[in-house]
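One line per chain: the protein sequences are A and B, in this order.
Count along the first sequence from 1, then add 1113; that gives the number in this note's numbering.
Count along the second sequence from 1, then add 1113; that gives the number in this note's numbering.
Hints in this document: simulated from the structure, not taken from any laboratory.
You may find that some hints are simply not true.
Just so you know, same-sequence chains aren't split out, so a pair can sit in one copy or run between any two.
Unchecked claim - Below, a list of computed lysine to any residue pairs in the SDA-like style, where the Cα atoms sit at most 20 Å apart:
#, residue 1, residue 2
1, LYS1169, ARG1235
2, LYS1409, ILE1283
3, LYS1143, ILE1131
4, LYS1359, GLY1331
5, LYS1359, PHE1187
6, LYS1302, MET1184
7, LYS1190, LEU1225
8, LYS1142, ILE1310
9, LYS1299, THR1262
10, LYS1359, ASN1161
11, LYS1305, ASN1179
12, LYS1143, LEU1165
13, LYS1359, SER1248
Protein chains: 2
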Amino acid sequence: MHNFRIVIDTFGPDAGPIEVIKGADELLKKHPEVVLTLVGNEQLIKENIQDLARVKIIPTDNYISNTENIMEAFMNKKDASIILAAQETKAQEDAIGMLSAGNSGALLVSCLKFLASPDLARPCIAAVLPAENGSFTCLVDTGANIDCTPSQLHQFALLGSKFMRELYGIESPKVGLLSNGVESTKGNKLVKETYPILEAEEKINFVGNIEGNRALSGDCDVLVADGFSANQVLKVTEGTAARIIKDIFIYSKKTNKPEFTEVAAHLMKIYDLSSLGGGVVLGIAKPVIKCRGNSKAITFVNTAEMLINIANNKTLFEGKDNDRS
Amino acid sequence: MHNFRIVIDTFGPDAGPIEVIKGADELLKKHPEVVLTLVGNEQLIKENIQDLARVKIIPTDNYISNTENIMEAFMNKKDASIILAAQETKAQEDAIGMLSAGNSGALLVSCLKFLASPDLARPCIAAVLPAENGSFTCLVDTGANIDCTPSQLHQFALLGSKFMRELYGIESPKVGLLSNGVESTKGNKLVKETYPILEAEEKINFVGNIEGNRALSGDCDVLVADGFSANQVLKVTEGTAARIIKDIFIYSKKTNKPEFTEVAAHLMKIYDLSSLGGGVVLGIAKPVIKCRGNSKAITFVNTAEMLINIANNKTLFEGKDNDRS
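When you get a sec, could you build the whole thing from the sequences and use the hints?
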């Protein structure tokens, strides 16, 4: 059996490194073909992993927090976990990819520095989200590039299309541009300048502007947006779902109909975006997955499985959307 | 009984002028103290309004569509309904305000041209939305200003605060800035430049950055954002709610439990943002309400009641959130 090495930065989640390490332990139990490099506190790793024979530890207690100036951190924290993890991912030939729940900006800079692809100027982070019609929508960029240029959005459209074609087997992925109206005249300056570029690009199947209420409708397979706007789509979706689930619990109590909590439980399964996976950094030499700050142990198992699927060149999430309708 | 005049532009809704005119008819029946100026197709108005004695008609069949270049339209369509309505609102002393579901940009230019306030440079559109904790959040700007400067966001913060203080009786409204992270270092260029300005402004109670998942949590009373990002918050909220309601119907059918549709019906009442009201243009001489494109007859009744409440200087939506928890 072939050994896949996955490199995991254990610092970053809101709940601390323990969630990552627990996830790593589960992953080892579930996937005998996997070996790991874990970057982080040596003692904590040793105490919480059973099968240490399949783990290489790169010990460090240094990391880049969410509030730090990234460029300064890069100068002063050469032993930050995210930097060591990216270096390891590059160095190890059997490494199929890397996971981190650390600072998005720092992750991107690490990717650029150690895993840059010769043909691409600017990587982005793609989040693959379950769409209303049972398909999946690839949202690019989800946080790596906050202020974008039209040529960056153009590149994200190409990267997202390639990703959905190769990993999801969609021959001609429909590409939409997030805007505040469907008409080609709608949009902020960035969107208005990007529209004709996407329209003229023959390598993609551009379907025009997509409004926020149709963002995850399945109208497009790839939704292009700057990182700031994409962050709103992600977080507002999640926030609204969480709020509605709470509404249902309140209503169930108020009407004295406990059976309604079954509806809430069903929705919680569909809209738990934090367990679903992470964002995949596109446009670099090896796949790197950015897990969100609120990631739990299960997130790291799920995202590691995305890396395994990519390595196996299988369609991602294969058969995973069965309980969605 | 005092007569309030409300000026209504009948062009604009996706469903055509008939929804507006039906709403006007209902409004007249419900509010004997109201008289109307209706701008639009004379015959259609005459055919669908019972009490024509309380209606002044300004006949026109011209309007500015959503896809037009606004400045060109202003030059060439002097008799567009939105322009005539704004002129009438200014001209009639008893006019307490105006309603329109027309082109946001054209509405804003009309407001600037005919209803400008001497002390303000740039109006904005405020949407007042029901927040999770039962309070209301004023989102500024919701579409009038798509590309913004930090000084515009500063002005929106001041306008929104004044609105929530005067109309909702909140002494020191909490002002949040929509961002992609709560830390003061997070944000796109616009947000990062706006943050210190809001922090230094003594006339507002600035509570820092607010992420999309907390946008309508009630963490702030006024949420400041450029029109493009605010549009995402509004539409993604609405889209997610609509999708979840559909999910519940599907689940109800799948599990053969028709009682679950009661939950969906309850949620539809809470999240029907289109009937809730419209955006109020702040920073001009008289209140003007922008109704959304998907407005129904009931929307025009509800928004006209907002104008009546403003004219009566009563707290808006008074007692309206009783069935929300």
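Structure-based check of each hint:
| no. | hint | in the structure |
| --- | --- | --- |
| 1 | LYS1169 to ARG1235 | neither (31 Å within a copy, 60 Å between copies) |
| 2 | LYS1409 to ILE1283 | neither (30 Å within a copy, 39 Å between copies) |
| 3 | LYS1143 to ILE1131 | within (18 Å within a copy, 62 Å between copies) |
| 4 | LYS1359 to GLY1331 | between (26 Å within a copy, 14 Å between copies) |
| 5 | LYS1359 to PHE1187 | neither (41 Å within a copy, 47 Å between copies) |
| 6 | LYS1302 to MET1184 | between (28 Å within a copy, 17 Å between copies) |
| 7 | LYS1190 to LEU1225 | within (17 Å within a copy, 53 Å between copies) |
| 8 | LYS1142 to ILE1310 | neither (48 Å within a copy, 52 Å between copies) |
| 9 | LYS1299 to THR1262 | both (17 Å within a copy, 19 Å between copies) |
| 10 | LYS1359 to ASN1161 | neither (34 Å within a copy, 43 Å between copies) |
| 11 | LYS1305 to ASN1179 | between (32 Å within a copy, 15 Å between copies) |
| 12 | LYS1143 to LEU1165 | within (15 Å within a copy, 75 Å between copies) |
| 13 | LYS1359 to SER1248 | between (26 Å within a copy, 16 Å between copies) |
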